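S.K.: The listed protein sequences derive, respectively, from chains R and P.
Just so we're aligned, residue 1 is where the first sequence starts under the working numbering, counting upward by one.
Just so we're aligned, residue 1 is where the second sequence starts under the working numbering, counting upward by one.
Bear in mind the hints are in silico, worked out from the structure with no lab data behind them.
Possibly wrong hints are sitting among the right ones.
A short, non-exhaustive set of chain P residues, derived as facing chain R with CB atoms under 8 angstroms [to be verified]:
1) Y79
2) Q80
3) A254
Below 20 angstroms or equal to it, Euclidean Cα-Cα: the simulated EDC-like pairs (lysine to aspartate or glutamate) are [claimed, not checked]:
4) R:K55 - R:D78
5) R:K133 - P:D78
6) P:K133 - R:D78
7) P:K50 - P:E29
8) R:K4 - R:D78
Source: prediction; values computed, not measured.
C-beta atoms are modelled at their ideal positions from N, C-alpha and C, and glycine is treated no differently.
2 protein chains.
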Amino acid sequence: MSEKWIAGIDLGGTTTKIAFVTLNGELIEKWEIPTDNSNEGQNITLNIAKSIDEKLHELGKSRDSLLGAGMGAPGPVDYQTGVILNAVNLGWQDHFPLHASLEAATSLPAVIENDANCAALGEMWKGAGNGAKDVVCVTLGTGVGGGVIANGNIVQGVNGAAGEIGHITVVPFGGAPCNCGKTGCLETVASATGIVRLANEELAKEGASGRLVDILTANGSITAKDVFDCARTGDALAKGIVDTVAFHLGFALAAIANTTNPEKIVIGGGVSKAGHILLDAIHESFAKFAFSPVRESTQLALATLGNDAGVIGAAWLIKKKMDQE
Amino acid sequence: MSEKWIAGIDLGGTTTKIAFVTLNGELIEKWEIPTDNSNEGQNITLNIAKSIDEKLHELGKSRDSLLGAGMGAPGPVDYQTGVILNAVNLGWQDHFPLHASLEAATSLPAVIENDANCAALGEMWKGAGNGAKDVVCVTLGTGVGGGVIANGNIVQGVNGAAGEIGHITVVPFGGAPCNCGKTGCLETVASATGIVRLANEELAKEGASGRLVDILTANGSITAKDVFDCARTGDALAKGIVDTVAFHLGFALAAIANTTNPEKIVIGGGVSKAGHILLDAIHESFAKFAFSPVRESTQLALATLGNDAGVIGAAWLIKKKMDQE
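So here's chain R without its partners, still in its complex pose (with noise of 0.2 angstroms):
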């Protein structure tokens, strides 16, 4: 018998990434096709079955090789019903019944989780997280997300809101606005959009000097990336910056960790790249907000799987389902 592989799927509002994984998680093939969301996104899962067939074909391959297909997708998922409550990128209506639209265009068994949860399940299980358990991802990019696994399982919450670290209130008097609705949540300090207000609030404080403001003269803009930059030549602005974000990341990662000791926090998305400036500062942190057996005990890790970490979560979903049954 040859060898059974997964789908994995990771659905994003402008392209959808599409895997074959083996039963021990490793990449077989890999590509990407555009996701087409119009007409109310009645296309998406019947272009994805299409592409996997065509892939397949490609190997020379059918569809018996595949065992199921998980997909990550970008929002809330009701997990009794399978249902995507809200993904306005995609076009769907709200309650978009997702779950068996996948498996009626596939003829797979599927299962449905949110993008957050996957990218931190595929970090669990061949990445940063290195098979432990107990393991915290937060992604830094345009915003703050997370997910949290507890005893090898993603925390859903009773509306599948878990995970939701970038609102973490960590500046709780006179901190900025967030999209959410709040002040001062994490996601206004620690996304690329958070990191890029702090340097621009430095940047206009009279007297304000260093190689940013070179970058902004030249540029009429600065990058979270012009920051961390800076910050490595030692540009003291660029590096009170950073501590600042380290600062309010250790915060909220120290009490998340005080809640459920993981055994690793893995910190990614594209800030994260910044890499050992940024992780060595959260540590610092970190260490001062955590309880001691929890210091001693959570560790902080750069993501490794960076863009494949989805695909590789969203086709542990399926490996998983098939070891419950």
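Dock chain P against the given chain R, drawing on the hints supplied.
M.R.: Same frame as chain R, now just chain P:
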């Protein structure tokens, strides 16, 4: 065949509570014995076994009536080995093999767990958790403890230190010293001790007035209960302290809820006897700091089992073990 019971044991430094509990979580009989922590705690499990036998005899039952013995113990537990890592109040040396000792003494299958976690399981099973599978319990007593339940299981964490809610930092700058070595922990402002400390700070200020001043003058000291009693009569100084306590509790509980989105957050322990004057104030702060889908789905409730939560949760451990076998 006559009904089978479970022995639920809540081991304390001074007193041990024991109960016979049905598989449905009903209390058949409960009693207490002194905890004999002389002789390095060698008699503790033997005394418990003897007391269980005596009670069975009194009720005209045999040892066969019992399915197992679950125990909550006041210290961190190593779940792999059944060892209690340290529990100085009980006389035991570090790494006392409690699971083995309890099984040997009682000739019953045993399960051990941290006592705060047992109280959380009790509230989940038969108390304010009302059978919800995602529950966080916070215990406001001399200190502040907690238990986190996700998908129906205690989150233990890699070092058994999950649920250490009392050591979440809520005052990042200039907080009071905590017994744990940090400063500004929730415990420093929301335990009975912390509330008295906050009150004494206010009472020491020039121009302090109101009923708490009278009580301090009359008694030489005040209690956390005095603070709530005075707040209930409208005393401004006391109300200010309750608001401060509730502000910090709401802040920490919102961070927890944004992480795990539990169905219920159950507030127990001696301080929670203050009732709705405390719960309502916590709710106001929680609503301010919780992410909106969390605010809409995570409910705050007062614990309902009081001192029985521990023995009922301990009994649940055996029920759970049997369900898995």
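S.K.: Among the hints numbered above, which are violated by the structure, and what are their numbers in rising order?
M.R.: 1, 2, 4, 8
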